[in-house]
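Number of protein chains: 2
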Amino acid sequence: MADQKAVVGIDIGGTKTLIGLVDRTGEVLVKQQFPTMITDSPEIHIQKCIETVHICLAKAGLTHHSLLGIGVNVPGLADPEKGILLHAPYAGWKNVPVKELLEREWPGMPINIANDVNACALGELIFGIGKQYNSFLWVTISTGIGGGLIIDRQIYEGEHFIAGEVGHLVVQWEEGNLCGCGNRGCLEAHASGTAIAKAAKEKLAALPKDSPFSTYFIERKKDITAQSVAEAAYKGIEEAKEIYQQAGEYIGRAFSYAINIMNPGAIIMGGGVSLSIDLLEPYIRQTFQTAVISEANKNMPILLTDLGYEAALIGAASLIYADIYIGPIKEMNR
Amino acid sequence: MADQKAVVGIDIGGTKTLIGLVDRTGEVLVKQQFPTMITDSPEIHIQKCIETVHICLAKAGLTHHSLLGIGVNVPGLADPEKGILLHAPYAGWKNVPVKELLEREWPGMPINIANDVNACALGELIFGIGKQYNSFLWVTISTGIGGGLIIDRQIYEGEHFIAGEVGHLVVQWEEGNLCGCGNRGCLEAHASGTAIAKAAKEKLAALPKDSPFSTYFIERKKDITAQSVAEAAYKGIEEAKEIYQQAGEYIGRAFSYAINIMNPGAIIMGGGVSLSIDLLEPYIRQTFQTAVISEANKNMPILLTDLGYEAALIGAASLIYADIYIGPIKEMNR
Chain V
1 MADQKAVVGI DIGGTKTLIG LVDRTGEVLV KQQFPTMITD SPEIHIQKCI
51 ETVHICLAKA GLTHHSLLGI GVNVPGLADP EKGILLHAPY AGWKNVPVKE
101 LLEREWPGMP INIANDVNAC ALGELIFGIG KQYNSFLWVT ISTGIGGGLI
151 IDRQIYEGEH FIAGEVGHLV VQWEEGNLCG CGNRGCLEAH ASGTAIAKAA
201 KEKLAALPKD SPFSTYFIER KKDITAQSVA EAAYKGIEEA KEIYQQAGEY
251 IGRAFSYAIN IMNPGAIIMG GGVSLSIDLL EPYIRQTFQT AVISEANKNM
301 PILLTDLGYE AALIGAASLI YADIYIGPIK EMNR
Chain B
1 MADQKAVVGI DIGGTKTLIG LVDRTGEVLV KQQFPTMITD SPEIHIQKCI
51 ETVHICLAKA GLTHHSLLGI GVNVPGLADP EKGILLHAPY AGWKNVPVKE
101 LLEREWPGMP INIANDVNAC ALGELIFGIG KQYNSFLWVT ISTGIGGGLI
151 IDRQIYEGEH FIAGEVGHLV VQWEEGNLCG CGNRGCLEAH ASGTAIAKAA
201 KEKLAALPKD SPFSTYFIER KKDITAQSVA EAAYKGIEEA KEIYQQAGEY
251 IGRAFSYAIN IMNPGAIIMG GGVSLSIDLL EPYIRQTFQT AVISEANKNM
301 PILLTDLGYE AALIGAASLI YADIYIGPIK EMNR
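Protein sequence lines correspond, in order, to chains V and B. Residue numbers for the first sequence follow UniProt numbering, so the first one is 1 and each next one is one higher. Residue numbers for the second sequence follow UniProt numbering, so the first one is 1 and each next one is one higher.
With the rest of the complex left out, here is chain V (with noise of 0.2 angstroms):
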């Protein structure tokens, strides 16, 4: 394995911290997690992200030499000319020069960092479902909803790095839930991971405790989740069921403008909610073919990654793997 190359994957989440070498072929050599504590100091994560690759360096019998360069993916809004992590609301962390403090430690590297989100998008874009698009658009649906543009099969960023919010397209005008990006009725505050665990717990303090739905639950001792609902809802719990529905429905009114925007040659999407795709995708499509127009549109492939757990770790390290493939990961719009 000595003569390996690889490139070195960092993605920096909201809860945990995954570092991995991958492969030419998108193979993740070996990996390392760690969690991210936002008590650390930016400066001091970045420093246990540098201890890590030595780990996995070490165990795969590597050195530095062997590395074609490192991404890292960040939790939140990237300058990724200059390399800067300009805002991570979770973590509190601005401004941190994360191209420049891990190239203290490889003088040399070619480093890229991105937006999380962006980076699955390009990891698709070269090493899953999405080789065969020009265009497309990644959507993340877990704890919240994010999205990225490919764009003549490169990340589309936007003048101000923030093309993409489908997370926050109004699905619900009239009376939206409030999102926490202060707005109502966003995407995400109706049908991310957080908005259908909510939906579950208003449906259950509304319904009588022997229905079926509540009795789910309650025998079950289960914690209401996403998860938990999807769970409910393949076993025939038709209250689960609406509520999948229902945020089937608005995720289809939000593709529907990015379809119509777009008009990308599919919509790829990942994150836990995602998997429960055949819960969702009947509704995603029948909502947006009443609002998109030509046949083309109607028929606008939506797919799941195929990427699976390690779609985010591949992402960041296709933020190296672009230069090679594609040519220099430009920034469309600058």
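Dumping the calculated EDC-like pairs for lysine to aspartate or glutamate here, alpha-carbon to alpha-carbon at most 20 angstroms: (1) V:Lys298 - B:Glu159; (2) V:Lys131 - B:Glu159; (3) B:Lys59 - B:Glu310; (4) V:Lys94 - V:Asp40; (5) B:Lys201 - B:Glu242; (6) B:Lys94 - V:Glu295; (7) B:Lys203 - B:Glu175; (8) B:Lys298 - V:Glu159; (9) B:Lys241 - B:Glu281; (10) V:Lys209 - V:Glu239; (11) V:Lys94 - V:Asp79; (12) B:Lys201 - B:Glu231; (13) B:Lys82 - B:Glu43; (14) V:Lys5 - V:Asp323; (15) B:Lys31 - B:Glu310; (16) B:Lys16 - B:Glu310; (17) B:Lys131 - V:Glu159; (18) V:Lys94 - B:Glu295.
Read the hints as simulated data drawn from the structure, not as lab findings. Source: prediction; values computed, not measured.
For this one, chain V is given, so just place chain B on it according to the hints.
Just chain B now, with coordinates in the frame of chain V:
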């Protein structure tokens, strides 16, 4: 003027076809128009265009040797690569080989064709207020509503040439008006000139005959059009102002979708209804500010074209000037 170089712009509109010579600064040197007769076959219509180009050349004292090329706007779906008008629904024309028909008259002449809305966007980019932006959304608000995207100083047409369909974004999910496209609640069905006139007629039917709104139209024996409703609003008639307020709110909804997805540098509007921008703009902005994230997006410039009545003709000519000033028009997504 004999050594002056110019581009022929051909703007085939629904009711008239406008042909002119446009110089390198975007100035219209001469122009000539004739009615678009949908009873004509498309071949006969193109023949009339050819004759009119000859008239324009004669008027300007030029020959075709002075021409840098010919740009043609078509009112429908175009395939710019092949130079084919795929479908002009209003005339029933399909698969018209516009470029080939013109090349028979002028072999070797550079000829580009595009959908009229996309051409307007390009005209704005090269000769208008769009010069200062790398990316913007162009929106024509007229009898109908159309949109064109400029990304990275190129027309972005999407996978099937149908990106930028702002007019068919659903802005009213609950009780939407029926749109010409067959869907309900499209922006075009709520805020186009046609929709504004329809709303005014419905309001007139519902109001007593001696209401200020009714009196305004009855006394003046005015036809009810978007323009006459705007005049009433400028005269302070509340009901007329409300119609524009409602239209502005719906335009704001659609713009919020485009802004969250594309994060463009600006939105630039043209078309008859957009001239009433001061009736619309406060409500457009108020609405999209409640529905986009980030300060940059909330402060998105909403601008009116400065190319005036000849915007579409200049747009047609810019299909050729784009090759000269920006480089060959690239279909970004193919």
